[in-house]
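Number of protein chains: 2
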Amino acid sequence: MAVQTVATSGTSTVDLGPAAALSCRECGHRVPLGPVFACEECFGPLEIAYDFSAYDTEELRKRIEDGPANIWRYAPLLPVPADVADKPNINPGWTKLVKADNLARELGVTGGLYVKDDSGNPTHSFKDRVVAQALEAARAFGFTTLSCSSTGNLAGAVGAAAARAGLRSCVFIPHDLEQGKVVMAAVYGGELVGIEGNYDDVNRFCSELIGDPAGEGWGFVNVNLRPYYAEGSKTLAYEICEQLGWRLPDQIVVPIASGSQLTKIDKGLRELIELGLVEDRPYKIFGAQAEGCSPVSTAYKAGHDVVRPQKPNTIAKSLAIGNPADGPYVLDIARRTGGAVEDVTDEQVVAAIKLLARTEGIFAETAGGVTVGVTQKLIESGALDPAKTTVVLNTGDGLKTLDAVAGTGLTATIRPNLDSFREAGLA
Amino acid sequence: MAVQTVATSGTSTVDLGPAAALSCRECGHRVPLGPVFACEECFGPLEIAYDFSAYDTEELRKRIEDGPANIWRYAPLLPVPADVADKPNINPGWTKLVKADNLARELGVTGGLYVKDDSGNPTHSFKDRVVAQALEAARAFGFTTLSCSSTGNLAGAVGAAAARAGLRSCVFIPHDLEQGKVVMAAVYGGELVGIEGNYDDVNRFCSELIGDPAGEGWGFVNVNLRPYYAEGSKTLAYEICEQLGWRLPDQIVVPIASGSQLTKIDKGLRELIELGLVEDRPYKIFGAQAEGCSPVSTAYKAGHDVVRPQKPNTIAKSLAIGNPADGPYVLDIARRTGGAVEDVTDEQVVAAIKLLARTEGIFAETAGGVTVGVTQKLIESGALDPAKTTVVLNTGDGLKTLDAVAGTGLTATIRPNLDSFREAGLA
Chain A
1 MAVQTVATSG TSTVDLGPAA ALSCRECGHR VPLGPVFACE ECFGPLEIAY DFSAYDTEEL
61 RKRIEDGPAN IWRYAPLLPV PADVADKPNI NPGWTKLVKA DNLARELGVT GGLYVKDDSG
121 NPTHSFKDRV VAQALEAARA FGFTTLSCSS TGNLAGAVGA AAARAGLRSC VFIPHDLEQG
181 KVVMAAVYGG ELVGIEGNYD DVNRFCSELI GDPAGEGWGF VNVNLRPYYA EGSKTLAYEI
241 CEQLGWRLPD QIVVPIASGS QLTKIDKGLR ELIELGLVED RPYKIFGAQA EGCSPVSTAY
301 KAGHDVVRPQ KPNTIAKSLA IGNPADGPYV LDIARRTGGA VEDVTDEQVV AAIKLLARTE
361 GIFAETAGGV TVGVTQKLIE SGALDPAKTT VVLNTGDGLK TLDAVAGTGL TATIRPNLDS
421 FREAGLA
Chain B
1 MAVQTVATSG TSTVDLGPAA ALSCRECGHR VPLGPVFACE ECFGPLEIAY DFSAYDTEEL
61 RKRIEDGPAN IWRYAPLLPV PADVADKPNI NPGWTKLVKA DNLARELGVT GGLYVKDDSG
121 NPTHSFKDRV VAQALEAARA FGFTTLSCSS TGNLAGAVGA AAARAGLRSC VFIPHDLEQG
181 KVVMAAVYGG ELVGIEGNYD DVNRFCSELI GDPAGEGWGF VNVNLRPYYA EGSKTLAYEI
241 CEQLGWRLPD QIVVPIASGS QLTKIDKGLR ELIELGLVED RPYKIFGAQA EGCSPVSTAY
301 KAGHDVVRPQ KPNTIAKSLA IGNPADGPYV LDIARRTGGA VEDVTDEQVV AAIKLLARTE
361 GIFAETAGGV TVGVTQKLIE SGALDPAKTT VVLNTGDGLK TLDAVAGTGL TATIRPNLDS
421 FREAGLA
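Chains A and B, in that order, give the protein sequences. Position 31, counted from 1, in the first sequence is what this note's numbering calls 31; the numbers after and before it change by one each time, with no gaps. Position 75, counted from 1, in the second sequence is what this note's numbering calls 75; the numbers after and before it change by one each time, with no gaps.
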């Protein structure tokens, strides 16, 4: 691990609003805010420690409600400067929380079923939320290049955010990615570099670059800016509660890739309780994986605390992380809150994408098929209570994973006349 | 033309809010609200006549500002019942008005340049706005099937809206459409019928169906529901002005397909003036076409009042209407407001898509390339004043027209090591 990635003690000098320091998730050691992600004491992951002590609950609530219709309404709770909304940013968030009554009927949910639809973000995935945070950290640390390794959604989010902010972007991808994905990432005009190797090779190279003088001024959103980046997922929790009328959902179903999103949603919910913005009552968090990449689900079912890596083989590519960094934390949260972790087959993913589209008019990415499919399975198994308020996340857009439903097609072909129409039984 | 398509005199009995009657655009003849689109007197197009007389300006403004973050905030100005926001609908609108400072610098605009980005709608095009209106009209008239002819965006918007509303949908398309477009339309689970013939054949068949008993209970959003459907485009004008702080833009650049959107944006702006919601001062409306389908632009440049049909041949397929129904009205509005109609080549469309993505992180459909390209051309010719506040519409999403930028790709390919990185000049 390169030297810049480990924090050293001292005082924070950058202005990132309420963010006070970085704190080790394992040992609690605190270091100043900086572009680092691993604890100098124990190499545990660093996360943001906040100072929320000055907030009055009702003043804060009003400030949020009067804020912009994007994640910056929560600026007082994020590692961003107070004037963040005035800077060029793609301003993700405040996506629809859809009351999914038709889907509820199909699944037998009576307590209220909602889909948090993050396909409404600027580049149509939840990644815009996390990249927007990383961008502010990059600006605070004086970085001039925004970078990442990616095989899909993240590349577009980084490219778009850097373009708006006027920063250079340089995204690293495996050189043999499908042409469609290359186009989606390349259109924003940043540098898009193909690495001769697989995704692991790309990641290894990025870590090497961060430790080298050549990487000076480079902010890798999900590496040296990871503690800031990850906080973006908290905004999903904030929005869900505010959109429910400042109320915790009883149950929430979250997809698992690295597991970071699920842990930060839990963090966000706990913050809202601590701040008095929602009533403190139990909630359950459920994790959703595809069977073809289900290391956390497998560990959960086996009663393990550690996650054994898997080689991914699923159509849910945006969730295909075989060795999820936050896997153990996810297990802990699922068990602590009374939730569960479950997985579904690729066939069930496809069926769930179609079910959501047919019932609610929402065309989800494969990751959305995973959460809807897992919700259905958890209801059938009794792990999820259909009489409770339930929120299911859709984190991406079906237009990006068209191949998954490529079998869908015409229901009939007719000649352009009424006789042919009647013969086809369409009248 | 089938008999049901022509209105007869009488009294409106349906509740569509402030909509009082249908009025002929040509002769002013009024008929009750109904699923009709052509005047019984002169066969001119019918549009909605409203009764706004009860509104107090500041009460109305507050009611709008307190309304939902979608088009239903403008329910008092639309042909929908007052409780529309409580009904299952995909709730489009309130999309971002992006202050495009980077693009402004590239184009030399100093008076403020904004992109109204309708790719943020539920199915990622402005069609959600118009279909949402048609859906309410369909409900009011007791229709049970929502239908349309389409080659793209409209099919998805109808499929999604009908799914959410729990109505049957049946969309007619040419049978040999590209598989990707078929998938996007089919995923919502409605009936998707391929017609053996071209788009004109599809349209002719739909008109035949409306006039036949087999078409009873069918609402064709852009045929027998057209007067209601078309009003959805007014919401673009409302949102732009409200997002500018209840101010008219000086200049607005709108794409032209049938021309309906441009005429309704003009109608929306005039309504805001009449209602006192914005100050009455001059604005200019500019129309944008692709050279390969530029009947209105050609007529404008030739000084004609009539539009001669063209056979479309352009990558901007969502604008490829060779015989635009509202073409003469567009010519009138462009001339009356001091605007213009211009066109750009397919190469300029592609360049403009890339320019917008590179400067603002917005990946537009080909139609967005047309408006940005035309804006650039109008600035260069002096027709558009760079010192004035200018709004450019992006009506769709680049993910739906990936082929247009298929040439975009990797900027470099390297081996996974720092030497290769340096050799490529990326440091």
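In short, the hints are calculated from the structure, not lab data. Heads up, some of the hints might be wrong.
When chains are identical, the list treats them as one kind, so a pair holds in a single copy or across two.
List of simulated lysine-lysine pairs, BS3-like, C-alpha gap at most 30 Å [as the list claims (entries may be wrong)]:
id, residue 1, residue 2
1, K87, K388
2, K99, K87
3, K62, K181
4, K311, K87
5, K87, K181
6, K301, K181
7, K62, K388
Okay, the hints, checked on the actual structure:
Proximity of K87 and K388 under a CA criterion of 30 Å is satisfied inter-copy only: 22 Å between copies versus 40 Å inside one chain copy. In the homo-oligomer, the alpha carbons of K99 and K87 lie at most 30 Å apart only across protomers (11 Å), although the nearest pairing inside one protomer, at 33 Å, exceeds that limit. For the homomeric pair K62 and K181, neither the shortest alpha-carbon distance inside one copy (41 Å) nor that between copies (44 Å) is at most 30 Å. For a Cα distance limit of 30 Å, the shortest separation of K311 from K87 qualifies neither inside one copy, at 41 Å, nor across copies, at 45 Å.
In this assembly of identical chains, K87 and K181 lie within 30 Å of each other by CA distance solely inside one copy; the values are 29 Å within and 37 Å between copies. Proximity of K301 and K181 under a CA criterion of 30 Å is satisfied in neither setting, with 34 Å inside one chain copy and 41 Å between copies. Taking the shortest alpha-carbon separations for K62 and K388, only the intra-copy value of 28 Å comes in at or below 30 Å, while the best inter-copy value is 36 Å.
Of the numbered hints listed earlier, those contradicted by the structure are 3, 4, 6.
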